[in-house]
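If you read the sequences in order, they're chains A and B. First residue of the first sequence: 0, per numbering that gives the first Met the number 0; consecutive thereafter. First residue of the second sequence: 0, per numbering that gives the first Met the number 0; consecutive thereafter.
Hints listed in this document are in silico derivations from the structure and should not be mistaken for laboratory results. Keep in mind that a hint or two might mislead.
Stated by the list, open to error - Examples of chain B residues toward chain A, derived with CB under 8 Å:
(1) D34
(2) K35
(3) L45
To be verified - Simulated crosslink set (SDA-like; lysine to any residue; CA at most 20 Å straight-line):
(4) A:K49 to A:L13
(5) A:K60 to B:S21
(6) A:K149 to B:V53
(7) A:K60 to B:H23
(8) A:K60 to B:S20
(9) A:K149 to A:S178
(10) A:K31 to B:L19
(11) A:K49 to B:H23
(12) A:K149 to B:H31
(13) A:K149 to B:D30
(14) A:K149 to B:M11
(15) A:K60 to B:V26
(16) A:K49 to B:S13
(17) A:K60 to B:V9
(18) A:K149 to B:L19
(19) A:K49 to A:E14
(20) A:K60 to B:M11
(21) A:K49 to B:V9
(22) A:K60 to B:D16
(23) A:K60 to B:S15
(24) A:K60 to B:A48
(25) A:K149 to B:D16
(26) A:K60 to A:S46
Unchecked claim - If you want the footprint, here are the derived chain A segments under chain B, 3+ residues with CB under 8 Å:
(27) 15 to 21
(28) 33 to 43
(29) 113 to 125
(30) 137 to 146
Beta carbons are placed, not taken as given, at the ideal position from N, Cα and C, and that holds for glycine.
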Amino acid sequence: MIAIGWCYADASPLEPCATDKVGNVAVVYVSKNSARDARARALAQLSAVKMLDPFLPLSPKRYMSLNEARALAADRSEDILARLRSLSGRVQISAHVTWSNPDQACSTVASGRDWLANRCARIGALQHRVEIWSRTLFHAIDVPQSSIVKEVLGPESARFDALVRQSSACDMMEGIAVSARDLRNTLPGQVTVSGVWPGYSFSSLDMCAS
Amino acid sequence: MNLSGHEHSVQMVSASDALLSSDHRLVDVVDHLLDKGVVLRGELWLTVADVDLVFLGLDLVLASPDRMRADRDRPV
Chain A
0 MIAIGWCYAD ASPLEPCATD KVGNVAVVYV SKNSARDARA RALAQLSAVK
50 MLDPFLPLSP KRYMSLNEAR ALAADRSEDI LARLRSLSGR VQISAHVTWS
100 NPDQACSTVA SGRDWLANRC ARIGALQHRV EIWSRTLFHA IDVPQSSIVK
150 EVLGPESARF DALVRQSSAC DMMEGIAVSA RDLRNTLPGQ VTVSGVWPGY
200 SFSSLDMCAS
Chain B
0 MNLSGHEHSV QMVSASDALL SSDHRLVDVV DHLLDKGVVL RGELWLTVAD
50 VDLVFLGLDL VLASPDRMRA DRDRPV
């Protein structure tokens, strides 16, 4: 049996998921056949998030046995409960953006100091661009910037994850897509809006402890 | 085409379609996403004479080596 996440102890999912109680929480697990790789585990988690609210997902790239997940639940039950409360009624939607960066070509630098200054300027410009993308894509939907996880994936790509109410997630995805289409002439790029996902970017147990 | 000459496109896709797609862009999107979720992180500071020299940030994988190897060898 392979763990895919955690939920409250009184939740009762349907196939392909099952639960095993550990105190106030329960490990959600599937058979090995349903969890042969990361994508299969992620598909099982999509089933789980439809049946279980809240559902705390294990990273699909982590292969954890039922016993290991039970041990973690016993050891970190308060952290898991806190994270479950924060995910209640909510799911994740994501926007993956790539763009071309005309400033990326590195000019010849005379010294190490110049190289460092050049690098600092490029990082600053990248962070500025990511902020503009975030504000522009999400301005039309009611999600505060503080609830958006921004991850720079490279000099020409970034991902934005937002935790939104499950009931309005599809409308919000459409709202982001509409905002993105309006950017054709001002902020060109390739935007992929995807969802609904379990709250992957809002599930770190270390975030609970901080 | 637009001001910078870079193609502008917007795509909206369901999570299940993204997971089942072989489109390289969606594969890239999914690959980054599946790294998230519950991960236990460890931190290690190497210190000499109260001077912090090296910091290691570790993602702890809670699985036996045999199990990880079996998972890695499975067909994708």
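Against the structure, the hints come out as follows:
1. D34: Holds, about 6 Å.
2. K35: holds, 3 Å
3. L45: Cβ of B:L45 sits 21 Å from chain A, so the hint is violated.
4. A:K49 to A:L13: Within the cut-off at roughly 10 Å; holds.
5. A:K60 to B:S21: holds, 18 Å
6. A:K149 to B:V53: Judged against 20 Å, a Cα distance of about 27 Å means the pair is violated.
7. A:K60 to B:H23: Distance ~19 Å between A:K60 and B:H23 Cα, so the pair holds.
8. A:K60 to B:S20: Within the cut-off at roughly 18 Å; holds.
9. A:K149 to A:S178: holds, 17 Å
10. A:K31 to B:L19: With Cα atoms ~19 Å apart, A:K31 and B:L19 stay inside 20 Å; holds.
11. A:K49 to B:H23: violated, 27 Å
12. A:K149 to B:H31: holds, 12 Å
13. A:K149 to B:D30: holds, 16 Å
14. A:K149 to B:M11: Roughly 19 Å between the alpha carbons, so the hint for A:K149 and B:M11 holds.
15. A:K60 to B:V26: It holds: about 14 Å lies between the C-alpha atoms, which stays within 20 Å.
16. A:K49 to B:S13: holds, 14 Å
17. A:K60 to B:V9: violated, 27 Å
18. A:K149 to B:L19: Not OK: A:K149 and B:L19 at ~25 Å, beyond 20 Å, violated.
19. A:K49 to A:E14: holds, 12 Å
20. A:K60 to B:M11: violated, 24 Å
21. A:K49 to B:V9: Distance ~26 Å between A:K49 and B:V9 Cα, so the pair is violated.
22. A:K60 to B:D16: Cα-Cα ~18 Å, so holds.
23. A:K60 to B:S15: holds, 17 Å
24. A:K60 to B:A48: violated, 39 Å
25. A:K149 to B:D16: violated, 23 Å
26. A:K60 to A:S46: Holds, because 17 Å separates the two Cα atoms, which is no more than 20 Å.
27. 15 to 21: violated (count 0)
28. 33 to 43: Since three or more residues must qualify, the claim that chain B covers the region 33 to 43 of chain A holds, with 6 doing so at under 8 Å.
29. 113 to 125: violated (count 0)
30. 137 to 146: This one is violated; 0 residues, fewer than the three required, reach chain B with a Cβ under 8 Å.
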